[in-house]
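As given, the protein sequences belong to chains A and B, one line each in that order. All residue numbers for the first sequence refer to numbering that gives the first Met the number 0, where the first residue is 0 and numbers rise by one. All residue numbers for the second sequence refer to numbering that gives the first Met the number 0, where the first residue is 0 and numbers rise by one.
One should not assume that every hint holds.
Heads up, simulated EDC-like pairs for lysine to aspartate or glutamate below, C-alpha to C-alpha not over 16 Å straight-line [as the list claims (entries may be wrong)]: (1) A:Lys459 <-> A:Glu490; (2) A:Lys445 <-> B:Glu47; (3) A:Lys273 <-> A:Asp307; (4) B:Lys124 <-> B:Asp213; (5) A:Lys124 <-> B:Asp315; (6) A:Lys226 <-> A:Glu201.
Treat the hints as calculated values from the structure; they're not laboratory data. Computed from a predicted structure; not experimentally measured.
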Amino acid sequence: MPLLARCTCRAALLGIGALLSLAQPALAADQPKRGGTLVIGSTQTPRHLNGAVQSGVATGLSSTQIFASPLRFDGQWNPQPYLAQSWRLADDGKSLTLGLRKDALFHDGKPVTSADVAFSIMAIKANHPFSTMFGPVEKVDTPDPHTAIIRMSVPHPAIVLAMSPALCPILPRHIYGDGQDLKNHPRNSTDPVGSGPFRVTEFQPAQRVVLERFERFFLPGRPYLDKVIVSITLDRASLVLGLERGDIQMLPFVTQSTDLKRLASDPRLSLTSKGYDGMGPLNWLAFNTAKQPLSHLQVRKAIATAIDKNFITRALMGGFATVSDGPLVANSPFAASDLVRYPFDLKKAGAMLDAAGYKAGANGERFRLGLDYLPGNEDQQKNVAEYIRGQLKKVGITVEMRASADFPAWARRMAAHDFDLSMDMVFNWGDPVIGVHRTYLSSNIKPIVWTNTQSYANPKVDELLHTAGSLIDPAQRKAHYAAFQKIVTDELPILFINQVPYHTITSKKLAQVPTSIWGPMSPLDEVYYK
Amino acid sequence: MLRHTAARLLQAAGLVLAVVVLNFVLVHAAPGDPVETIAGASGGMSPELMAQLRQQYGLDQPLPVQLWVYLGKVVQGDLGHSYFFNQPVAQMIAARVPATLLLMLSAVSLAFGVGTALGVLSARKPNGWLSQFITVLSLVGFAAPVFWLGIMLVILLASVLPILPVAGMRSIDASGGGIGDVLDVAHHLVLPTLTLSLVYLAQYSRLARSAMLDVLGADFIRTARAKGLAERVVLYRHALRNALLPVVTVLGLQFGNMLAGAILVETVFNWPGLGRLAFESVLRRDYPTILGVLLFSSIVVVAMNQITDLCYRLIDPRIKAP
């Protein structure tokens, strides 16, 4: 299992490998060149730039440039050295020992030490929105300035992935350890200091972030780019236009099939869907299992049978999306293939509803349901909802669409569990412990958006998730998650529809656009202009 | 006169207070709250963290208490902190005012100047071809929605004929300073100004035209002409001065409208002004920021109305304070 590098020798090997690949001159034409400004377009507005106390792609995009983390990950979920040259998860899974490199500096010239790592991990535990990520961490020991030992109360294998740039930015203790509340620390927005490849020279909220090369970055010769500018606008169309005009050279997180089609045909641009496995974004239909008649399993199964996912991905999403049948994205190391599937069959769906006791009335109607959707993404949400309404009409279920004016209006309905059916887009966030458990644990039925608002409860699932989250052996974890996926796809608190077709579009002049599992939320130190 | 001014000021203050209370109630009536939005931007958040944030922002207090606390702060000149950006609202508004002011001033000048000129031109020969042409143009300008005009202008001038920038106030990699910066901003200003002003330009031209026609039919114009005054003098000194009154009235009233129009234009063109700040804060239920922007705008609108009154007296000395 690549997720867990268990011995230092492997880590060392990987480290040497990375160094070799750096030292080895590739073909002369592929030799990275220094210089140039990369403008990234984004519709996501970061609240501030400190990813230690704020999750999400908006902050992640810049935070991963400013702050380095203990490890980074390649496209196959393998950990790679970053601030840490070695790492070892103890056999009991209750401690992770990091061997830090000795030459890393913060942007203000102070060295990065284990004290900073200890401070950052405890700060993330206390302030980061993902409470499960460092939940079991009790303390971090620092026997010497370059060794940090993360101690956990229970085995916590997800800790290795949690060392990623997007999840574990290392903050300078001498700046953030001044006793102020970290969530509101002024340095989150003004002059944040990290040890990453770029340092902030300008941050205008809701407008732009200007990042310049940190000349004393610990990886020699890198980053190659002089400058990275994140240009923020609410209007997607003007970003697409900017890309076509050459004002912008990179546009991540694009999902709209019309945009993708148009940009794919531009010879100056290249598209990739790689780089989103870590985020693991899924588009799904949630059932409120606490309400009649959706509390009947047969009704949920009938609805699943009435929906043709292939039509959705091919016709509605222009073939850019792929069908999803389970709670984990296909490229997750824990994704199982043994899932309960519901082949599209309208007749069968009708018969299932009959059998469940919901016979059609005189007007052909069996019952009525409301259908919500997340506003703001027509392709992934509204259009799919409209299609589902049409399909359910065919089997005698009258669906009323409930539009929400904006995100807070929709989020309020979800938090209040005030819905029958709702479309939703939810991220896996790498390890299932971080982004998957929350949807299914019965202890997480809470009045908050993106918890178990489906009110799904199965003690067996609770147990499987708890065990899988604390097992050290990757094969055993995988087996537990497989059993979980089978149950959940059979009991259908959620009908999985498709993987969100996030794409990164870049100018063909750019090389080494990040395709690691965290894609655009990876350090851009390897990107260069050809 | 002094008493009159004091009375007006008191009236204005009462009006602003009423606006603040009304805004507060309306903004809080929208479904969803800032903490839910922040949780959304984070991809999920623990209940403890959300409760902590709610408490920190005072959102766990009953609404009347929140209103009282807010009013208390506003009276002391404190507009609070943005929940989303954790920055003082006053500072955020101050940072955005210049951009909006620049956009509105250039749009108002264009709309008022060119609109009035077109109106006067078409009133000179009400049945001539030029007049007909201007009438058709103003009809189109009147009827077309601002956002549609904006998009069409972008397609034409920024995409098909790429002579103007798509959006923003400065070039993305502008390093700032000097005459180059001024030109850069001016270049970026063209499209939003055109978009924001076209509707108003059409309105002023129609208004100026009908006001001009009205005045031109009046007895004193006939007298002036009978005296043998040059047509130019009749037109500009006698007629225009009188015809301007309704145009200025509308100008004052429309200041508020234009501020509303700026929200759309600033959003379409990514113009870093107050309008966009207001729009984005509404999407995030960032109460202090929304309220701050609304308070600021209402003060501006009330002030504009007072200034319009003053202008009346300048244009027509017969108008006196009651």
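Outcome of the hint check:
1. A:Lys459 <-> A:Glu490: Between lysine 459 (chain A) and glutamate 490 (chain A) the Cα gap is close to 12 Å, so the pair holds against 16 Å.
2. A:Lys445 <-> B:Glu47: 11 Å, holds
3. A:Lys273 <-> A:Asp307: With Cα atoms ~26 Å apart, lysine 273 (chain A) and aspartate 307 (chain A) exceed 16 Å; violated.
4. B:Lys124 <-> B:Asp213: Holds, at about 13 Å.
5. A:Lys124 <-> B:Asp315: 70 Å, violated
6. A:Lys226 <-> A:Glu201: 11 Å, holds
In summary, the structure is inconsistent with hints 3 and 5 from the numbered list given earlier, while agreeing with the others.
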